[in-house]
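Here is what each chain is made of, one letter per residue.
2 protein chains.
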Amino acid sequence: MKDLLALDFGVGKELQLVEETLKESVQSDNATLTEIAMHVIGAGGKRIRPAICILSYNAVGGSSGGIGSAIDAAVAVELIHSATLIHDDITDEGEKRRGRVTAYRKYGVHNALVAGDFMFVQGFKYGRFLSPEAIRIAAEAYERLAEGEMLQEQWKNNSSIPTDEYIRIVNGKTASVFSASAQLGAFHGGGTDEEIELIGEYGTDVGIAFQIVDDVLDIISDENTLGKSVGNDIREGNMTLPLIFAMHNGVDKKLLESVISRKKKTKPMIENAIDMIRHSGCINESMRVAEGYVRKAVANAKKLTFSPYREELIQLPDSVLERTR
Amino acid sequence: MKDLLALDFGVGKELQLVEETLKESVQSDNATLTEIAMHVIGAGGKRIRPAICILSYNAVGGSSGGIGSAIDAAVAVELIHSATLIHDDITDEGEKRRGRVTAYRKYGVHNALVAGDFMFVQGFKYGRFLSPEAIRIAAEAYERLAEGEMLQEQWKNNSSIPTDEYIRIVNGKTASVFSASAQLGAFHGGGTDEEIELIGEYGTDVGIAFQIVDDVLDIISDENTLGKSVGNDIREGNMTLPLIFAMHNGVDKKLLESVISRKKKTKPMIENAIDMIRHSGCINESMRVAEGYVRKAVANAKKLTFSPYREELIQLPDSVLERTR
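Protein chains in written order, with the numbering used here: chain W, 1 to 325; chain X, 1 to 325.
FYI, nobody ran anything at the bench for these hints, they're computed from the structure. One should not assume that every hint holds.
[Unchecked claim] Residues of chain X clear of chain W, computed beta-carbon distances all greater than 10 Å:
1) D117
2) K125
3) P308
[To be verified] If you want a taste of the chain X side facing chain W, the calculated C-beta under 7 Å gives, among others:
4) T91
5) V109
6) V114
7) V121
8) P132
9) R136
10) E153
11) W155
12) N157
13) F306
[Unchecked claim] With a straight-line cut-off of 27 Å between C-alpha atoms, the simulated DSSO-like cross-links for lysine-lysine are:
14) X/K253 - W/K106
15) W/K264 - X/K106
16) W/K302 - W/K96
17) W/K228 - W/K96
18) W/K263 - X/K106
19) X/K265 - W/K106
20) X/K23 - X/K46
21) W/K253 - W/K264
22) X/K96 - X/K263
23) X/K253 - X/K156
24) W/K13 - W/K23
25) X/K264 - X/K253
26) W/K263 - W/K96
27) W/K106 - X/K23
28) W/K156 - W/K228
29) W/K106 - W/K264
30) W/K265 - X/K106
31) W/K106 - X/K254
32) X/K23 - X/K156
33) W/K263 - W/K302
34) X/K106 - W/K156
35) W/K302 - W/K46
36) X/K264 - X/K106
Backbone N, C-alpha and C fix where the C-beta goes; we use that ideal spot for every residue, glycine too.
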């Protein structure tokens with residue numbers, strides 16, 4: 001298993017700059033505001049969205065606009081992503097995130113909510129030197145993210161969700177931002193319209209695979225490895241792919257459904273459900289779907305002109321598949 | 001008493017365009033997302049921030065950049081303002097807003113939170129044609145807003161707050177955005193650096209007066225007139241100006257303090273506190289402070305070159321003082 005956190009995809013220097021700019025971006029006259037933002041940013045995410053942005057920039061030649069714009073875009077995307085994590089944890093009542101107690105638990109709902117808003121705004125502040133087209137790409141991705149979140153909420157605790165509706169949710173809540181990161185990089189790297197579209201599709205497929213692995217880890221991992229509590233999706237009633245498969249084909253599907261459809265689930269119920277899904281064969285089935293998206297992403301990456309960065313883009317989806325956190 | 005909602009400050013046509021663009025800006029593939037946004041936007045705010053933006057644009061000559069930029073800026077500011085209202089109501093547990101049940105009460109915390117984030121992002125999407133300098137002005141205002149919100153939280157239920165600390169909170173949470181609205185207008189209208197600074201100060205002073213009147217209305221108004229519940233600040237433990245004055249000078253200051261310092265306040269306690277403040281003479285004292293800021297704003301507006309728009313900027317602060325909601 002690969003640790004995504006240990007990978008720099010050949011763009012370590014640029015990611016270091018992203019890291020420094022991220023820290024700078026959340027400085028504020030209010031110490032608590034900076035502390036909350038750093039609580040999340042400083043815990044070290046995987047930075048896979050910034051990595052995809054920088055790689056995409058370089059893979060299309062990195063010619064126009066300068067690396068500065070790509071770094072600003074990467075910072076903007078990561079800031080807004082981190083803001084949504086803080087807000088997600090409030091509504092999902094998450095206990096841990098990136099190995100730390102969640103922001104709202106440590107600082108209260110009010111302060112966590114405001115800090116998330118602050119990071120949203122800082123994201124756009126750091127993106128202000130981007131062209132209107134780039135800002136549109138970023139804003140539309142987060143618009144789709146919100147739509148995905150709403151759709152997920154509409155299907156909560158509802159075991160009759162069709163698989164294509166699940167993919168629509170994932171496309172919105174996760175893949176949209178992966179796709180935007182890739183497109184922003186390619187756009188600032190001076191890519192052609194065809195390259196930007198191709199690399200956007202690549203981002204979408206990597207994002208879907210990433211989310212499916214996330215769904216799987218919520219079932220098969222443990223809190224120490226994952227840095228956040230497992231079984232969250234079950235508790236929250238989010239219809240994840242392993243769960244959908246288990247409810248369609250699993251041995252215990254009736255029993256599982258009776259747990260899933262409840263609004264309030266006890267800890268033993270959740271543990272029971274996890275156990276049923278683990279032994280349903282649906283983990284492998286889900287991973288096969290993720291592999292399909294990874295293969296599609298790799299095939300698209302191979303259509304780009306050869307460069308060491310293209311090779312990294314080809315490698316990256318496999319590390320998403322092999323990630324343990 | 002004037003009804004701010006009935007005033008168009010001589011820029012009715014431009015405000016109509018702001019209104020149409022606002023509605024357009026929250027269209028989404030997800031019907032619920034648009035519904036929540038429209039629940040707040042469509043309830044008709046006072047649109048005083050957009051009005052200040054458009055008036056400031058015209059007052060400096062309205063020469064460069066075009067009215068389109070000023071309208072985009074006004075839409076961005078109003079969208080982000082509306083987003084913060086939705087988020088505020090979640091943490092303050094507000095029951096009514098603009099005469100309607102609050103968004104989180106009607107649509108749940110998750111959906112209201114996501115809709116607020118969506119509106120934040122749409123704000124910047126509609127501001128994407130603004131120059132980096134304009135985006136910086138808007139982003140820094142919302143940064144100061146977040147700082148003000150944090151500071152307010154730090155002083156919650158704490159009756160020892162000094163008046164200048166109260167002004168710092170108001171400067172952040174309210175005046176920053178009024179000031180940015182004015183500056184964005186003047187900037188896009190091609191104002192000189194001096195004009196932009198002057199008009200920014202004007203916005204700050206109007207914003208502080210606006211907030212003090214807000215504080216007063218929370219004590220002396222009623223739910224039907226105000227469109228939101230009264231006594232909110234007392235219940236939430238927010239240190240407002242009438243309350244601070246009453247605790248410093250009021251007859252019942254010890255009794256009042258004993259209510260204020262409680263984290264949980266019962267309805268009779270809140271009604272009692274409102275009654276004590278109403279009869280403390282501190283309402284008039286607060287309004288005199290607000291009048292001071294209004295006079296300062298008017299004096300600054302008079303320094304601008306004569307135009308019908310300047311005359312509207314001179315009139316506007318008085319209507320803030322006389323507003324009933």
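**Prompt:** Looking back at the numbered hints, which does the structure fail to meet, lowest number first?
**Reply:** 1, 2, 11, 12, 13, 14, 16, 27, 31, 32, 33
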